[in-house]
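Visitor: We have chain A already, so just place chain B on it with the hints.
For the record, the sequence lines run as chains A and B. Here the first sequence stands for residues 2 to 191, numbered as in the working numbering. Here the second sequence stands for residues 5 to 204, numbered as in the working numbering.
What the hints contain is simulated information worked out from the structure, not anything from laboratory work. Computed from a prediction, not measured in an experiment: that's the story for all the values here. Any given hint could be a false lead.
No farther apart than 27 Å at their CA atoms in a straight line, the calculated lysine-lysine pairs in the DSS-like style are these [what the hints assert, rightly or not]:
(1) B:Lys202 / A:Lys88
(2) A:Lys26 / B:Lys194
(3) B:Lys150 / B:Lys161
(4) A:Lys26 / A:Lys119
(5) B:Lys150 / A:Lys188
(6) A:Lys128 / B:Lys202
(7) B:Lys202 / A:Lys82
(8) B:Lys150 / A:Lys26
(9) A:Lys119 / B:Lys161
(10) B:Lys196 / A:Lys117
(11) B:Lys196 / A:Lys119
(12) A:Lys128 / A:Lys117
(13) A:Lys188 / A:Lys117
(14) A:Lys26 / B:Lys196
(15) A:Lys188 / B:Lys161
(16) A:Lys117 / A:Lys26
(17) A:Lys188 / A:Lys82
(18) A:Lys188 / A:Lys26
(19) B:Lys202 / A:Lys117
(20) A:Lys129 / B:Lys202
(21) A:Lys128 / A:Lys188
(22) B:Lys193 / A:Lys188
(23) B:Lys150 / A:Lys82
Footprint (simulated), chain A over chain B, 3 or more residues, beta carbon under 8 Å [what the hints assert, rightly or not]:
(24) 22 to 31
(25) 90 to 97
(26) 125 to 131
(27) 144 to 157
Just so it is clear, CB atoms sit at the ideal spot from N, CA and C, and this is done for glycine as well.
In case you want the letters, here they are:
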Amino acid sequence: MPVRQAGIYINKIMSHQNYITGKHKYMNPYMAGIILGLVLLLSFYLTGRGLGASGAMKSVVVTTVNTASHENAANSHFYSKYISDGKNPMNSWLVFQVLGVLVGGFLSGALSGRLKLKTEHAPVITKKRRILMAIAGGALFGFGSQFGRGCTSGAALSGMATLSLAGFVTMIAIFGTAYLVAYFFRKNWI
Amino acid sequence: MGPVIPVYEISQELNFLIAFIIGIGFGFALEQAGFSSSRKLAGMFYGYDTTVLKVFFTAAIVAMIGLVFLNYFEMIDMGIVYVNEYYINSAIIGGVIMGVGFIVGGFCPGTSVCAAAIGKIDAMAYLGGSLIGIFLFGETYSWWEKVYNINYLGGIKLSTALGISDGLMVFLVIAAAVLMFWVGEWAEKKFKRPDISKEL
Chain A
2 MPVRQAGIYI NKIMSHQNYI TGKHKYMNPY MAGIILGLVL LLSFYLTGRG LGASGAMKSV
62 VVTTVNTASH ENAANSHFYS KYISDGKNPM NSWLVFQVLG VLVGGFLSGA LSGRLKLKTE
122 HAPVITKKRR ILMAIAGGAL FGFGSQFGRG CTSGAALSGM ATLSLAGFVT MIAIFGTAYL
182 VAYFFRKNWI
Chain B
5 MGPVIPVYEI SQELNFLIAF IIGIGFGFAL EQAGFSSSRK LAGMFYGYDT TVLKVFFTAA
65 IVAMIGLVFL NYFEMIDMGI VYVNEYYINS AIIGGVIMGV GFIVGGFCPG TSVCAAAIGK
125 IDAMAYLGGS LIGIFLFGET YSWWEKVYNI NYLGGIKLST ALGISDGLMV FLVIAAAVLM
185 FWVGEWAEKK FKRPDISKEL
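Chain A extracted, bound-state conformation:
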């Protein structure tokens, strides 16, 4: 398979060493947290808003639905909010920000020798099961992010930075629930 060969080739040229930290595989988590916090602060200072992710995915979904059937989208109380007055949902701040995340993640992975086609899972489960779980988890998170008006980035992290009550509640709900149900999904990870 050409994709597989391309993957092996990329692995060969990229997986040598971490140019950022020199020795360790990942950056010190507190250091990475400071950098992330400064990026978040810069976002507030420049735009008055924090970071986000699920909002850009919503733009993709709204655009797809609107292209498939404009009538459907215009009649829905959900989609119509984002396409009224001929607005283009892809013309949004978050879409460009998430494109930046793709580039930033790729650059970091390249500089740290981590570019590799790979599926991560505990040894006791199959790759297929991991992929199915990832799709299911993504669907739940996507659904929840719309219900909760933002995900870990937009609602929890950015919300906490402005001391918003919504941010703290969403953060506790996300992490608290994950802790409560973690036991039942342990085979997928450990």
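Guide: Positioned in the frame of chain A, the structure of chain B alone reads:
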């Protein structure tokens, strides 16, 4: 005076360029921290790797302190800065669903983008799944519309709700975070899994 873009009415093209550059910083920081690995993220919930806790709370504290000081030195108009609006029911229901999605899928939307960027196939599957989930919400919105909009409290701050100053609130969050960092470091020793950590 910040926030720069709304105050100085910067053009949309420049605004989007800034979005792209901020995104690069965001993705870079997430990937360097190791948020591109689902087993590293999941480690948070089993104790063997608490990177999520450390990065997440350090970032929140840095931004929090930064905003308090920018406000103090009158370098930012906090009246324009967006404070998330609180709808009691939807924030909790959404958060609970996201929590299950986190442990089932191993990512959150932001980390899945950054992991997909370095070639994680499970992250690409997760991204596809999240589009499906958003689509399902859009299609069934009329079922949830009522509960989605009830108990609206506006852009209320935790400090306001508790009746304390923002400065004291930030101090309390820092104190709580330091305590959690200590628990995190302890957990990583207590629940350590060298077999997993070596692979990550």
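Visitor: All the hints need checking, so say for each whether the structure fits it.
Guide: Each hint, compared with the structure:
{"no.": "1", "hint": "B:Lys202 / A:Lys88", "result": "violated, 49 Å"}
{"no.": "2", "hint": "A:Lys26 / B:Lys194", "result": "holds, 22 Å"}
{"no.": "3", "hint": "B:Lys150 / B:Lys161", "result": "holds, 24 Å"}
{"no.": "4", "hint": "A:Lys26 / A:Lys119", "result": "holds, 17 Å"}
{"no.": "5", "hint": "B:Lys150 / A:Lys188", "result": "violated, 37 Å"}
{"no.": "6", "hint": "A:Lys128 / B:Lys202", "result": "holds, 19 Å"}
{"no.": "7", "hint": "B:Lys202 / A:Lys82", "result": "violated, 47 Å"}
{"no.": "8", "hint": "B:Lys150 / A:Lys26", "result": "violated, 48 Å"}
{"no.": "9", "hint": "A:Lys119 / B:Lys161", "result": "violated, 42 Å"}
{"no.": "10", "hint": "B:Lys196 / A:Lys117", "result": "holds, 26 Å"}
{"no.": "11", "hint": "B:Lys196 / A:Lys119", "result": "holds, 24 Å"}
{"no.": "12", "hint": "A:Lys128 / A:Lys117", "result": "holds, 16 Å"}
{"no.": "13", "hint": "A:Lys188 / A:Lys117", "result": "holds, 24 Å"}
{"no.": "14", "hint": "A:Lys26 / B:Lys196", "result": "holds, 17 Å"}
{"no.": "15", "hint": "A:Lys188 / B:Lys161", "result": "violated, 39 Å"}
{"no.": "16", "hint": "A:Lys117 / A:Lys26", "result": "holds, 14 Å"}
{"no.": "17", "hint": "A:Lys188 / A:Lys82", "result": "violated, 41 Å"}
{"no.": "18", "hint": "A:Lys188 / A:Lys26", "result": "holds, 25 Å"}
{"no.": "19", "hint": "B:Lys202 / A:Lys117", "result": "holds, 16 Å"}
{"no.": "20", "hint": "A:Lys129 / B:Lys202", "result": "holds, 23 Å"}
{"no.": "21", "hint": "A:Lys128 / A:Lys188", "result": "holds, 13 Å"}
{"no.": "22", "hint": "B:Lys193 / A:Lys188", "result": "holds, 21 Å"}
{"no.": "23", "hint": "B:Lys150 / A:Lys82", "result": "holds, 16 Å"}
{"no.": "24", "hint": "22 to 31", "result": "holds (count 10)"}
{"no.": "25", "hint": "90 to 97", "result": "holds (count 7)"}
{"no.": "26", "hint": "125 to 131", "result": "holds (count 6)"}
{"no.": "27", "hint": "144 to 157", "result": "holds (count 6)"}
Violation of the numbered hints given earlier is confined to hints 1, 5, 7, 8, 9, 15, 17; the remaining hints are satisfied by the structure.
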